[in-house]
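Student: Protein chains in written order, with the numbering used here: chain A, 7 to 612; chain B, 7 to 612.
Simulated from the structure, these hints should not be mistaken for laboratory data.
Here the structure is a predicted model, which means the values were calculated and not measured.
A few of these clues could be false.
Simulated pairs of lysine to aspartate or glutamate, DMTMM-like, Cα-Cα distance not exceeding 25 Å [stated by the list, open to error]: (1) B:Lys44 x A:Asp142; (2) B:Lys441 x B:Glu289; (3) B:Lys148 x A:Glu531; (4) A:Lys295 x A:Glu183; (5) B:Lys526 x B:Glu607; (6) A:Lys595 x B:Asp459; (7) B:Lys184 x A:Glu527; (8) B:Lys135 x A:Glu529; (9) B:Lys596 x A:Glu607; (10) B:Lys295 x B:Glu259; (11) B:Lys148 x B:Glu280; (12) B:Lys162 x A:Asp189; (13) A:Lys184 x B:Glu183; (14) A:Lys135 x B:Glu531; (15) B:Lys184 x A:Glu113; (16) A:Lys596 x B:Asp35; (17) A:Lys392 x A:Glu434; (18) B:Lys116 x B:Glu183; (19) A:Lys485 x A:Glu504; (20) B:Lys295 x A:Glu504; (21) A:Lys179 x B:Glu408; (22) B:Lys329 x B:Glu408; (23) A:Lys596 x B:Glu599; (24) A:Lys324 x A:Asp478; (25) B:Lys179 x A:Glu280; (26) B:Lys596 x A:Glu531; (27) A:Lys596 x B:Glu531; (28) A:Lys595 x B:Glu607; (29) A:Lys596 x B:Glu527; (30) A:Lys492 x A:Asp482; (31) A:Lys148 x B:Glu531; (32) B:Lys44 x B:Asp106; (33) B:Lys126 x A:Glu474; (34) A:Lys86 x A:Asp101; (35) B:Lys583 x A:Glu504; (36) A:Lys595 x A:Asp563; (37) B:Lys595 x A:Asp189; (38) A:Lys184 x B:Glu607; (39) A:Lys162 x A:Glu113.
Next come the chains, spelled out residue by residue.
There are 2 protein chains.
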Amino acid sequence: MIPIRNVSLGCRRLLSTSSYTVRTHTCNDLGSTNINEKVTVMGWLSHKRMDRFFVLRDAYGSVQAKISEALSRECFIELKALLKDIPYESVIQVDGTVVDRGENRNEAMKTGDIEIHADKLTVLNRASKSMPMLPDMDASDKTRLLYRYIALRSDKLQRALRLRSEFVHNVRKFLIEKNGFVDVETPTLFRRTPGGASEFVVPAPPPNLGMAYSLPQSPQQFKQLLMVGGIDRYFQIARCYRDEGSKGDRQPEFTQVDVEMSFTTQEGVMKLIEDMIIAAWPESLNHIKPKSPFPRISYSEALELYGTDKPDMRIPWKIEEVKSNTFEFLRKKSDKNWVSRVIICRGAGETKMTISTKNEWKRLIRMNENGRNFSICNPSQKNWFKSVENQKIIDEFGLTGEDVLVVCWGEPDGVNWTLGQLRNYVAEICGLRSKNTVTAHWVVDFPLFSFEDGQLVSTHHPFTAPIESDKDALYDENKQKLLQIKGQHYDLVINGVEMGGGSIRIENSNMQRHVLNILKEPEYEMSHLLRALSHGAPPHGGFALGLDRFVAMLSGDGNPLTPVRDVIAFPKTKNGKDLMSDAPTTLSKKQLERYGITLVEKDSGY
Amino acid sequence: MIPIRNVSLGCRRLLSTSSYTVRTHTCNDLGSTNINEKVTVMGWLSHKRMDRFFVLRDAYGSVQAKISEALSRECFIELKALLKDIPYESVIQVDGTVVDRGENRNEAMKTGDIEIHADKLTVLNRASKSMPMLPDMDASDKTRLLYRYIALRSDKLQRALRLRSEFVHNVRKFLIEKNGFVDVETPTLFRRTPGGASEFVVPAPPPNLGMAYSLPQSPQQFKQLLMVGGIDRYFQIARCYRDEGSKGDRQPEFTQVDVEMSFTTQEGVMKLIEDMIIAAWPESLNHIKPKSPFPRISYSEALELYGTDKPDMRIPWKIEEVKSNTFEFLRKKSDKNWVSRVIICRGAGETKMTISTKNEWKRLIRMNENGRNFSICNPSQKNWFKSVENQKIIDEFGLTGEDVLVVCWGEPDGVNWTLGQLRNYVAEICGLRSKNTVTAHWVVDFPLFSFEDGQLVSTHHPFTAPIESDKDALYDENKQKLLQIKGQHYDLVINGVEMGGGSIRIENSNMQRHVLNILKEPEYEMSHLLRALSHGAPPHGGFALGLDRFVAMLSGDGNPLTPVRDVIAFPKTKNGKDLMSDAPTTLSKKQLERYGITLVEKDSGY
């Protein structure tokens with residue numbers, strides 16, 4: 007099969023993709039309107055047939071050529087021999103005439119109505135005869151990363167990188183042209199921030215030997231300082247860095263669409279971001295474009311109904327309280343604060359929900375401290391619980407043979423967490439989570455502080471402002487009140503994945519100092535920000551969208567679990583390695599001396 | 007004087023700078039069309055008068071307000087007391103009605119036709135009574151960097167950052183919308199490159215302890231790999247890093263407009279960049295927009311005529327050979343390869359060219375190994391050279407009283423270098439270098455290799471291709487031929503400063519390996535690129551524009567020596583410090599352990 011590129015053609019009519027080059031057309035440009043034209047095209051040799059026919063591929067598409075029969079016998083034989091000898095993936099130039107393919111046209115190919123009758127064939131750069139892989143063929147992950155520059159020629163990666171470029175450009179046009187935002191670059195060689203455990207460090211050269219810069223996790227402080235500096239509508243497509251080892255599908259460097267605005271409100275920022283996402287949505291994905299306004303749901307409601315603050319709204323099921331005493335028999339005498347709750351998975355059937363699947367879920371759920379006992383069943387199953395008649399359950403919850411009931415019992419938080427997990431698991435196997443739809447919503451009213459390892463911490467970060475009516479509670483004698491304070495924070499959740507978050511910030515220097523004290527964060531590490539807030543800081547707030555994750559979702563037609571490495575030109579492995587160039591490397595003596603550093607011996611595991 | 011913002015209004019008609027905020031207008035929006043409107047504006051308190059009048063300033067402009075006389079006596083007195091108490095630079099909100107100022111209008115203020123009669127005054131955030139500086143007032147460089155967030159409110163920095171945002175957006179529109187380029191992000195955590203002395207390093211965490219990433223000086227390798235990957239029209243506004251200590255007006259991190267294209271030629275890239283610069287030129291600077299095509303001048307011609315490969319074309323004077331024996335008397339017997347050359351500085355007069363200025367020039371020129379003897383004079387001066395009659399010189403070079411003659415003698419390269427310097431010095435003091443014009447041109451035909459410290463090095467970098475007719479010389483037995491090879495490299499010079507450069511790259515793996523061998527660069531450090539070139543690499547070339555320097559030139563109305571820190575939101579000092587946040591810092595024990603590093607003691611000089 008001839009590959010057909012599926013690149014978004016948003017502003018294609020304006021484009022001149024061959025300007026400033028020596029080709030007359032790309033491999034995707036030619037059609038019946040070009041018949042009899044003399045053309046010059048260049049690309050990669052991707053197919054050969056009978057030493058005479060061949061297909062040329064470039065970033066835009068493919069076109070068939072054949073050695074012209076109008077050539078002298080001698081030339082014809084010479085070109086055939088040449089073609090026979092050219093390895094696949096070599097870069098060649100074809101000069102020839104566009105000819106109608108008539109009845110032989112290839113409908114699967116955009117340029118399939120025509121072919122080029124080549125008078126001339128030039129090898130611009132010969133490829134190795136033993137290519138380690140071909141662009142659109144299966145190869146191991148390792149091979150595809152080692153030869154990333156070949157994988158990049160594949161339809162999938164060509165489309166993903168172009169989709170990313172298009173989305174980002176649309177974001178810029180919306181923010182700059184429609185809304186007067188200013189694109190400002192902020193430094194990446196910064197100071198460490200409180201905590202800072204997950205910040206990469208950059209040892210400084212003389213005259214600052216013995217000290218180091220940190221690569222920031224986000225431009226948070228800088229964007230707030232820009233607000234204090236009167237740049238009241240800032241954005242940046244910002245490179246950020248986070249050292250999280252090999253946690254999940256994350257890269258040590260990543261990109262966020264970083265926005266901040268003065269004189270605004272929580273609703274103002276949320277509306278801006280909704281409008282931005284919709285305005286920037288790639289044209290080729292209009293069929294999955296969400297509508298605004300995105301629904302708002304509070305943090306507590308999310309936990310109550312979905313057992314998570316990142317509910318996947320493609321799944322229609324909610325957690326319900328069991329008001330009867332049907333499952334009371336599961337309560338032990340020692341169980342105080344006990345509840346039983348259910349999710350009725352309407353239409354979930356029980357396909358694929360084998361005993362071993364369920365056991366696997368049990369194992370996964372028990373790995374978490376919040377994991378609680380649960381049971382899953384559908385009406386056709388007999389003797390589900392020995393002590394309860396099946397029919398009683400069927401009647402009570404109105405079950406049909408198509409439905410599945412998930413019951414969980416124990417202490418409420420654990421029950422909801424467990425049901426939240428099961429809601430996803432069940433939906434996963436009945437295909438609800440692979441639906442090509444995009445559900446976007448906001449989670450709001452998060453607690454400002456949380457308890458973690460016995461310590462009071464910011465639920466998000468120490469710069470988030472409490473909601474107006476909770477501000478007094480910051481200063482309450484009763485420290486328990488702190489945990490009840492709600493922050494002006496908002497998370498954007500798409501299809502069960504957090505795509506970004508933001509908040510209205512604390513603009514008052516005294517309140518910011520007080521919050522740092524509550525958190526036992528050293529004040530001196532933030533003295534520049536505290537000073538700035540006392541020198542004329544406007545009220546302000548903002549948002550950061552995880553660009554890699556968001557574009558991965560777009561490129562996966564709404565699947566937010568599409569790997570981020572598929573939308574990054576040169577990604578690193580989970581272990582932080584660039585297989586292609588073999589980074590990181592050891593350092594030379596000269597480098598170690600320049601930065602006054604000593605490194606431990608290489609990991610023996612390497 | 008009330009400051010008037012001079013922000014470029016390129017696409018202003020489309021803008022809604024108050025959308026998503028709680029203000030109705032910016033401080034620059036109001037005029038006679040708003041009379042009798044109820045408005046809400048927010049900004050910084052910048053002037054007060056008679057406890058009743060005040061001026062509010064924001065990013066866009068200023069507006070005068072006064073406490074409304076229509077208020078009840080009680081309210082009026084209360085608001086007056088409030089206003090009296092608000093420190094300058096506090097952020098306030100004014101609710102009121104727009105009123106015609108009639109005969110009292112202020113022509114120097116864009117909103118000077120009206121004023122706001124305030125019914126309500128709200129202090130959104132009180133500033134400290136003892137502000138360390140005010141935005142538009144003089145302060146030391148150190149103070150302005152320490153309180154950068156206050157300096158950012160100044161007209162100058164507001165304009166510079168907005169100009170930068172506008173230029174960059176125009177570049178993107180030209181490349182993406184008009185020419186189908188793809189904006190691709192490349193990694194900044196990379197491997198060290200050969201040499202690599204000026205690359206910052208980032209120690210890697212487990213499982214790569216003992217190794218380090220390098221922060222790249224440019225995306226050079228990645229953009230070439232993208233070409234191999236079939237992204238045939240790439241660009242990126244790329245953050246780059248260079249550890250050059252405190253050399254000149256440079257920052258450890260800087261930004262370049264990075265472009266690469268396949269299937270193109272040297273002329274193709276130069277034309278693209280010319281068109282890009284002209285298309286992206288900010289509207290407010292149309293009066294200094296250069297015209298295309300930019301003149302091309304060869305490297306050797308530049309040295310011959312201007313004594314530098316970065317000639318300032320605002321200066322009309324050229325280096326001329328003295329064909330007579332007028333200055334032969336200066337030649338010593340031992341001087342072989344001796345020349346005398348002159349620059350006739352027509353119209354330079356001799357104002358300010360005092361003995362001490364000339365002595366200072368002598369000192370500067372003698373600091374360089376190329377510095378040669380010279381003499382400067384104008385016709386009115388008597389007995390310039392004792393052995394030559396003034397009138398003879400005046401006649402020979404056709405001098406008038408307005409002209410200045412610069413003579414230099416000795417070995418040709420040194421003479422030209424010296425005259426190149428003097429050409430700039432003389433032009434500087436007669437104001438030619440502060441002319442608000444922009445002269446842009448290309449320097450081409452650079453030598454591919456140069457001698458530096460007795461070693462053969464790349465004049466630019468090892469990836470530059472030789473010109474077609476010089477390719478064979480790469481393999482010549484006679485190594486002297488190497489120095490005669492010309493590279494397909496081109497530098498863009500504006501008003502005497504190199505703004506960027508680019509080249510057609512070597513796409514052939516064997517030739518690239520051969521060049522690395524010539525340069526004695528270790529092949530294994532570049533094995534990924536050599537492999538890539540053998541797996542189907544198209545012919546390609548590109549360009550990188552130094553964005554900070556270019557925007558500095560724009561913001562200085564064509565003056566390319568405008569400090570780059572004036573177009574960077576948060577610049578570092580020459581010593582690599584961020585005075586505001588006090589970066590770099592020492593590291594915590596936890597950080598040192600995480601990265602397995604030991605740092606030397608802090609510089610005692612700190």
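Student: Now, for every hint given, state plainly whether the structure supports it.
Tutor: Consistency of the hints with the structure:
At roughly 63 Å between alpha-carbon atoms, B:Lys44 and A:Asp142 are farther apart than 25 Å, so this suggested pair is violated. Straight-line distance between C-alpha atoms of B:Lys441 and B:Glu289 comes to about 19 Å, which keeps the hinted pair within the 25 Å bound. The straight-line distance between the Cα atoms of B:Lys148 and A:Glu531 is roughly 20 Å, inside the 25 Å bound, and the hint therefore holds. For the given pair, A:Lys295 sits about 22 Å from A:Glu183 by alpha-carbon distance, which is consistent with the 25 Å threshold.
Between B:Lys526 and B:Glu607 the alpha-carbon distance is near 36 Å, which puts this suggested pair outside the 25 Å criterion. A hinted pair counts as satisfied when its Cα atoms are at most 25 Å apart, and A:Lys595 with B:Asp459 qualifies at roughly 21 Å. The suggested pairing of B:Lys184 with A:Glu527 is violated, with an alpha-carbon distance near 51 Å, which exceeds 25 Å. Distance hint between B:Lys135 and A:Glu529 is fulfilled; the C-alpha atoms sit about 22 Å from each other, no more than 25 Å.
Taken as a hint, the B:Lys596 and A:Glu607 pair is honoured in the structure, with Cα atoms around 18 Å apart against an allowance of 25 Å. Between B:Lys295 and B:Glu259 the CA atoms are separated by roughly 28 Å; this puts the pair beyond 25 Å, and the hint is violated. Taking the CA atoms of B:Lys148 and B:Glu280, the gap is about 38 Å. The hint is violated against a cut of 25 Å. For the suggested pair B:Lys162 and A:Asp189, the alpha carbons sit about 17 Å apart, so the restraint of at most 25 Å is met.
A threshold of 25 Å between alpha carbons decides the hint, and for A:Lys184 with B:Glu183 the separation of about 17 Å falls inside it, so the pair holds. Note on A:Lys135 and B:Glu531: the hinted pairing holds, with a Cα-Cα distance of about 24 Å set against a maximum of 25 Å. Taking the CA atoms of B:Lys184 and A:Glu113, the gap is near 30 Å; set against the 25 Å cutoff, the hint is violated. For the given pair, A:Lys596 sits about 58 Å from B:Asp35 by alpha-carbon distance, which is inconsistent with the 25 Å threshold.
Between A:Lys392 and A:Glu434 the alpha-carbon distance is near 29 Å, which puts this suggested pair outside the 25 Å criterion. For a cut-off of 25 Å, the pair hint linking B:Lys116 to B:Glu183 is broken: about 35 Å separates their Cα positions. Among the hinted pairs, A:Lys485 with A:Glu504 is inconsistent with the structure: their alpha-carbon atoms are about 30 Å apart, more than 25 Å. Distance hint between B:Lys295 and A:Glu504 is unfulfilled; the C-alpha atoms sit about 46 Å from each other, more than 25 Å.
Among the hinted pairs, A:Lys179 with B:Glu408 is inconsistent with the structure: their alpha-carbon atoms are about 54 Å apart, more than 25 Å. The suggested pairing of B:Lys329 with B:Glu408 holds, with an alpha-carbon distance near 23 Å, which does not exceed 25 Å. Pair hint A:Lys596 plus B:Glu599 holds up; C-alpha atoms about 23 Å apart against a cutoff of 25 Å. In summary, the hint linking A:Lys324 to A:Asp478 is not supported, as the alpha carbons are separated by about 35 Å, beyond the 25 Å threshold.
The hinted pair formed by B:Lys179 and A:Glu280 meets the criterion: a straight-line CA distance of about 23 Å does not exceed 25 Å. Our distance criterion of 25 Å between C-alpha atoms is met by B:Lys596 and A:Glu531, whose separation comes to about 16 Å. About 16 Å separates the Cα atoms of A:Lys596 and B:Glu531, which keeps this hinted pair within 25 Å; it holds. Pair hint A:Lys595 plus B:Glu607 holds up; C-alpha atoms about 18 Å apart against a cutoff of 25 Å.
Between A:Lys596 and B:Glu527 the CA atoms are separated by roughly 16 Å; this keeps the pair inside 25 Å, and the hint holds. The hinted pair formed by A:Lys492 and A:Asp482 meets the criterion: a straight-line CA distance of about 14 Å does not exceed 25 Å. With a C-alpha separation of about 20 Å, the suggested pair A:Lys148 and B:Glu531 falls inside the 25 Å cut-off, and the hint holds. Between the alpha carbons of B:Lys44 and B:Asp106 the distance comes to roughly 13 Å, so the proposed pair stays at or under 25 Å and holds.
Of the supplied pair hints, the one linking B:Lys126 and A:Glu474 holds, its CA atoms being roughly 21 Å apart against a limit of 25 Å. Taken as a hint, the A:Lys86 and A:Asp101 pair is honoured in the structure, with Cα atoms around 15 Å apart against an allowance of 25 Å. Restraint check: the Cα-Cα separation between B:Lys583 and A:Glu504 comes to about 36 Å, which exceeds 25 Å; the hinted pair is violated. In summary, the hint linking A:Lys595 to A:Asp563 is not supported, as the alpha carbons are separated by about 49 Å, beyond the 25 Å threshold.
A distance of roughly 37 Å separates the Cα atoms of B:Lys595 and A:Asp189; the hinted pair therefore is violated under the 25 Å criterion. A threshold of 25 Å between alpha carbons decides the hint, and for A:Lys184 with B:Glu607 the separation of about 52 Å lies outside it, so the pair is violated. Distance check on the hinted pair: A:Lys162 and A:Glu113 sit about 21 Å apart at the alpha-carbon level, within 25 Å; holds.
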